[in-house]
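Enquirer: Chains as they are written, first to last, in my numbering: chain A, 1 to 214; chain B, 1001 to 1254.
Since the hints were derived computationally from the structure, they do not count as laboratory data. All figures in this text were calculated on a predicted structure; none of them were measured in a lab. Mixed in with the good hints, there may be bad ones.
[Said to hold, decoys possible] Under the rule of at most 27 angstroms between Cα atoms (straight-line distance), these lysine-lysine pairs were calculated in the DSS-like manner:
(1) B:1092 / A:103
(2) A:43 / B:1123
(3) B:1096 / B:1228
(4) B:1228 / A:103
(5) A:43 / B:1096
(6) B:1092 / A:43
[Said to hold, decoys possible] If you anchor each label on the Cβ, the simulated ranges turn out as follows:
(7) B:1036 / A:208: 53 to 59 angstroms
(8) B:1030 / A:20: 31 to 37 angstroms
(9) A:116 / B:1083: 48 to 54 angstroms
(10) A:188 / B:1141: 31 to 37 angstroms
(11) B:1030 / A:123: 42 to 48 angstroms
(12) B:1080 / A:174: 55 to 61 angstroms
(13) A:167 / B:1224: 43 to 49 angstroms
(14) A:54 / B:1141: 44 to 50 angstroms
(15) B:1230 / A:80: 55 to 61 angstroms
(16) B:1196 / A:124: 54 to 60 angstroms
(17) A:54 / B:1113: 44 to 50 angstroms
(18) A:183 / B:1187: 15 to 21 angstroms
Here a beta-carbon is modelled for each residue, glycine too, at the ideal position from N, C-alpha and C.
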Amino acid sequence: MSKDSLFAKKNMKLLSDPLDDNNPITVQVLGICSALAITVQLKPAVVMALSVLVVLSVANVIVSLMRNMIPSRIRIIVFLVVIAALVILVDQVLKAFVYDVSKELSVFVGLIITNCIICGRLEAFAMANPPGKAFLDGLGNSFGYGIILIIVAFFRELLGAGTLYGYPVLEKLGVYDLGYENNGMMILPPMALVTVGVLIWWQRARNEKLIENN
Amino acid sequence: MDVNKNSYTFGFAAVMVVVVAALLSVAAISLKPFQSRNILLEKKQNILSSVGINIDRDAADIQYPVFVKQELVLNYKGEEIDGVAFDVDLQKELKKDKKLQSLPLFISEVEGKTQYIIPLRGKGLWGPIWGFISLEDDLNKVFGAVFDHKSETPGLGAEINQPFFEDPFSGKSIFDGEELKSIKVVKGGAGDDNMYGVDGISGGTITSDGVTDMLLERLTMYLPYFNKIKPNIEVNSVFSAMDSVVTVNDSIIN
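The following block holds chain B by itself, in its conformation from the complex:
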């Protein structure tokens, strides 16, 4: 048979395309449930990791409800709206107008203390970057942070998912008085006494800047909610302070 005839060439191309397309579709559809489960477990794992609970991905399903006590969806005014926070897809939300976005918020409890976990998503050098930042119950001090990325440069920008980059976030502050400062990733190093900055990654400046922008943009969206619940938190802390004064007084009297 002459394999260089036009009709054969077209026929070969057509058959090849159909066979390959069928093969890949079957593979994609049959593997989809396994892949979705991995992605879901990884999200739970990342949320837990942002409050310092590091576990295997397989254990995430069981451990998640132990620590995460509340899931909220907020609107741009900081009001609670209907919805499942875990299922909110930030990729889609970020494309919407600011006033239409749903803002997921996770509230966890670790060792008797409350943390507010805010999901993040932004742009790196080659593709999306995302993560979770958790705040302590004063809504100012950072409890922990995790980051991940789709396709940052290995060894450079891709290092944002490494502990040496993530760990310095804990203990930093996002507010200077009433003003939201967020946290900057500083090229050349931030210095230990900088409460609003962490060290950048050499050779990963654009990814580092992406993290800075992402944090500022996302935290700004939650400001109305912070302002709304802050008075309550302050009242609570005054109450607990008064409680301790009472015990001190009691102990003096006794």
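So here's chain A without its partners, still in its complex pose:
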């Protein structure tokens, strides 16, 4: 049996697919809760994307290593223990050594544990694939999740508060002098749903693989 290189073309698809064709948020509609909750500003969205990246990749590898040992009747519980332990560990380390980042992140810790993308990937992928592939799958899906989070946060922060990453872009551009005002609705949760909806619409109109023929 010839062993595929980890970076063979087939494996690269594990990284690229979740970015577009099989995006966890816009195609599988997973992880919507956190996509709505933390996309008011870019900064928390980036922090959340990074923490999901760490937790999902490592959890995928751990579960993949144990995949032949996990009794199938309690596998979901095992996933939750692995995810929760990782999240707590990461949080404790951050609190001790990078306190400011941990303050930024504290709210999201609970959200990471409940993020359906993580449980979904462990169940669908890590349980059936070797660690190397599972790691790539974790990276790919985190990128796919992160990119949507960042796009949504970009528009919500820009239109809702007139800033980007806390920097007052619109004020510096002098847009307010022309009579423009921030749209307060953009910072409220419903507009996150609408923004995600518009993204899904745009993606489906553009990507032929996603157009259903009926």
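We have chain A already, so just place chain B on it with the hints.
Expert: Just chain B now, with coordinates in the frame of chain A:
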């Protein structure tokens, strides 16, 4: 080996729980000293920040005794009692009956002027909010305020720890004559001429109301102490006024 046997399933679960619990306990215990130090330094940093001294967290340890001259613990009558003000945990005190609470007070000196710093703690939307408010030596005018929170909504209630929310507190008043008005966080904006209100945060109304309630509740607790030391302050200010009259007279005579 059959991984779906009942005995294996139980065994796996038991081993997993023990391993994970041990791992997390070791991590928690070994990281605890680092975490406590961060929290302690942050408290010092916040106290200094409420009197306008903004420094790095690492510098807080050295700078704190430079500015904070006195730490008092008071009871509900405004009397000084024994204790270390810095170590008073408001979370525990707030659960006690009002008459049993210890009230910490910090007195600082910045550029020759005295400030009274009162620690605050209350409820936001999702969890506790806290902060420090500093009063000028007339015990009426607000010198500065800092707030923080555990888990308010990012971009909405969480903005109470941002300067745009904190800065407008300075220069406001908490007393209207003898009556304690405290400071209200007003939804839709307070207006610049409102001496007892600051602008609320759109979308963060419950957190804003939490700040209002917290300020009123905490400041009320310190009223007996204020009433006790106010006469002294007035006497002092009369004395200093007389001093300046004397110098004016001197200069006229000369």
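Enquirer: Range hint 44 to 50 angstroms: satisfied by the CB atoms of residue 54 (chain A) and residue 1113 (chain B)?
Expert: holds, 48 angstroms
Enquirer: Could you tell me whether the CB distance from residue 1030 (chain B) to residue 123 (chain A) stays inside 42 to 48 angstroms?
Expert: Since residue 1030 (chain B) and residue 123 (chain A) have Cβ atoms about 33 angstroms apart, the given range 42 to 48 angstroms is violated.
Enquirer: Can you confirm whether the C-alpha distance between residue 43 (chain A) and residue 1123 (chain B) stays at or below 27 angstroms?
Expert: holds, 25 angstroms
Enquirer: Take the C-beta atom of residue 116 (chain A) and the C-beta atom of residue 1083 (chain B), compute their distance, and say whether it sits inside 48 to 54 angstroms.
Expert: Check passed, 49 angstroms falls within 48 to 54 angstroms.
Enquirer: Is 55 to 61 angstroms a correct range for the gap between the Cβ atoms of residue 1230 (chain B) and residue 80 (chain A)?
Expert: Since residue 1230 (chain B) and residue 80 (chain A) have Cβ atoms about 58 angstroms apart, the given range 55 to 61 angstroms holds.
Enquirer: Check the hint pairing residue 1092 (chain B) with residue 103 (chain A) against an upper bound of 27 angstroms on the C-alpha distance.
Expert: holds, 22 angstroms
Enquirer: Mind checking the hinted window 54 to 60 angstroms against the Cβ distance between residue 1196 (chain B) and residue 124 (chain A)?
Expert: holds, 58 angstroms
Enquirer: Against the range 31 to 37 angstroms, how does the distance between the Cβ atoms of residue 188 (chain A) and residue 1141 (chain B) compare: consistent or not?
Expert: holds, 36 angstroms
Enquirer: Does the hinted range 15 to 21 angstroms hold for residue 183 (chain A) and residue 1187 (chain B) at CB?
Expert: holds, 19 angstroms
Enquirer: Decide if the proposed pair is consistent with the structure: residue 43 (chain A) and residue 1096 (chain B), CA atoms, cutoff 27 angstroms inclusive.
Expert: violated, 39 angstroms
Enquirer: Taking 27 angstroms as the top limit, are the C-alpha atoms of residue 1092 (chain B) and residue 43 (chain A) close enough?
Expert: violated, 33 angstroms
Enquirer: Take a look at whether the Cβ-Cβ distance between residue 54 (chain A) and residue 1141 (chain B) falls inside 44 to 50 angstroms.
Expert: Holds, since residue 54 (chain A) and residue 1141 (chain B) (Cβ atoms, about 48 angstroms apart) stay within the stated range.
Hints 4, 5, 6, 8, 11, counting from the list given before, are not met by this structure.
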